[in-house]
Amino acid sequence: MSGDRAGDYRILHEGDLRDYLAGLSGLRALLGGEPASWSITEVGDGNLNLVFIVKGAGGGIAVKQALPYVRLVGESWPLPLSRAHYEYLALSRQAQLAPGLVPAVLHHNDALALTVMELLEPHIIMRKGLVAGKQYPRFVDDITTFMARTLFFTSDLALSAAEKKEGIAAFAGNHALCKITEDLIFTDPYRIAEQNRWTAPYLDSLAAELRNDMELHVSVSRLKLKFMASPEALLHGDLHTGSIMVTESETRVIDPEFAFYGPMGFDSGAVLANLLMAYFASVGHERAAGERAAFEGWVLETAEKVWNEFARKFLGLWRAGATGDAYPPSLFTGDKGAARLETERQAYMQRLFADTVGFAAAKIIRRIFGLAHNIDFELIEDAGKRAVSEARAVRLARAMMVETEAFSVIADVTGAARKLRDWQPELSG
1 MSGDRAGDYR ILHEGDLRDY LAGLSGLRAL LGGEPASWSI TEVGDGNLNL VFIVKGAGGG
61 IAVKQALPYV RLVGESWPLP LSRAHYEYLA LSRQAQLAPG LVPAVLHHND ALALTVMELL
121 EPHIIMRKGL VAGKQYPRFV DDITTFMART LFFTSDLALS AAEKKEGIAA FAGNHALCKI
181 TEDLIFTDPY RIAEQNRWTA PYLDSLAAEL RNDMELHVSV SRLKLKFMAS PEALLHGDLH
241 TGSIMVTESE TRVIDPEFAF YGPMGFDSGA VLANLLMAYF ASVGHERAAG ERAAFEGWVL
301 ETAEKVWNEF ARKFLGLWRA GATGDAYPPS LFTGDKGAAR LETERQAYMQ RLFADTVGFA
361 AAKIIRRIFG LAHNIDFELI EDAGKRAVSE ARAVRLARAM MVETEAFSVI ADVTGAARKL
421 RDWQPELSG
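Note that this note's numbering has the sequence shown beginning at 1, numbered continuously upward.
Derived by calculation from the structure, the hints in this document are not laboratory data. Only a predicted model underlies this, so the values are computations on that prediction, with no experimental measurement involved. Do not rely on the hints blindly, as some may be mistaken.
To be verified - With a Cα cut of at most 25 Å, we get these calculated PhoX-like pairs of lysine-lysine: (1) 224 / 179; (2) 165 / 226; (3) 313 / 336; (4) 134 / 336; (5) 224 / 165; (6) 134 / 305; (7) 419 / 305; (8) 419 / 385; (9) 305 / 128; (10) 313 / 226; (11) 179 / 134; (12) 55 / 128; (13) 165 / 179; (14) 336 / 128; (15) 419 / 134.
Stated by the list, open to error - Label pairs and their calculated CB-CB ranges: (16) 222 / 344: 43 to 49 Å; (17) 225 / 74: 30 to 36 Å; (18) 403 / 35: 33 to 39 Å; (19) 209 / 35: 55 to 61 Å; (20) 26 / 161: 46 to 52 Å; (21) 320 / 217: 38 to 44 Å.
Ideal placement from N, C-alpha and C gives every residue a C-beta, glycine not left out.
Work out the full structure: start from the sequences and follow the hints.
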């Protein structure tokens, strides 16, 4: 179901939304009962949008409407409504490439910047589960399938040059969301910016160090250039544990409004970064020393498996018969050609791993010194303990970004994280 029935944009409050949904026969039948009996609850806890849960006698739906500004900041930061269009395009493409791993779209209205999706129950935001110390056995298989298939099949390895350029063009207008990433992830944490914040006063000196660390500035600027200039594949663009809903048996990736064609390592790096932050934050959520040791071991094991399984599945798709214009099969005939191409595949994945490590580092630093933080750290009530966990994460992130070549395999990353688990930083204040 899709359409622009409502005409001009307006922000839908409960009564407006009830009337709108009642006029859509398919959704009205799905919800069941009389519209007056439907429960409508606004549950959006993100930075940008309104999100409603609507339930009737027959079922429920989730409704997401973009606001014309950044919700976290307010009307002083306007933002194009077109992001809802790009999110709808991304969800549609992801559903084709990774069926069952994104919510089903039931209705979309471009004019209202509104999308209606299946209600995911009893799924919860993965980040909330990690804060609580929960383990998710399906996550590795699901997220690696999602990444391998969405990245491979939108890349030059699978597409003709013309198809790839058409894909880039379809998402090129989402530059306002890209600009948010370019500023908030790759620039603002490394300079004085009005919207930066951190756990003060404990991290004051560390924030100052970041602003004066020229090696770090060069490294993050190289990552920013790659983000802006390397349209390798269609990215989710914001693939953190707050954009993933889970149960023990299911995984759904949500909220791809930052979707655009960029470097693959940005998506894989986001997943790695959020697992590392969950690891470093874990000690701050302990009620008794060592009670979360099994969870912390699972998180690092999961980080290793995420990269290894993603690489295995991505390479499997490539070996199965890449149809894209990159690496033409006619140039790699016979046993000699096959062997040389396999060597190149391994080199390709090594470069992608280096990008993953670097982008993961940038993601960690922005969540500690930039505008938008995450509850992994924020829900640690004792500010001093929170700052210790954050400083450990930043120490690893700095090494990952500046000394990326020292991390040649994923075990190098998780091993470094383990060594920092009990490191005691010198803090301000």
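Does the structure keep residue 165 and residue 226 at a Cα separation of 25 Å or less? Within the cut-off at roughly 18 Å; holds.
Pairwise hint evaluation, residue 336 against residue 313, where the allowed Cα distance is 25 Å at most: holds (24 Å)
Are the Cα atoms of residue 165 and residue 179 separated by 25 Å or less? Holds: residue 165 and residue 179 sit about 21 Å apart, inside 25 Å.
Does residue 179 lie within 25 Å of residue 224 when you go C-alpha to C-alpha? holds (11 Å)
Does the alpha-carbon distance linking residue 179 and residue 134 stay inside the 25 Å limit? violated (34 Å)
Supplied distance hint 43 to 49 Å, evaluated on CB atoms of residue 222 and residue 344: violated (23 Å)
Holds or violated: residue 55 with residue 128, Cα cutoff 25 Å? Status holds; Cα separation ~23 Å.
Would the pair residue 336 and residue 128 pass a check requiring their Cα atoms to be no farther apart than 25 Å? violated (51 Å)
Hint check for residue 35 and residue 403 - Cβ pair distance inside 33 to 39 Å: Distance hint for residue 403, residue 35 is violated at roughly 59 Å.
Range agreement (Cβ of residue 161 with Cβ of residue 26, hint 46 to 52 Å): Between residue 26 and residue 161, where Cβ atoms are some 39 Å apart, the hint is violated.
Looking only at beta-carbon atoms, does the pair residue 225, residue 74 fall within the given range of 30 to 36 Å? With Cβ atoms ~31 Å apart, the hint holds.
Given pair status - residue 305, residue 134, alpha carbons within 25 Å: holds (17 Å)
Hints 4, 11, 14, 16, 18 and 20 from the earlier list are contradicted by this structure; the remaining hints agree with it.
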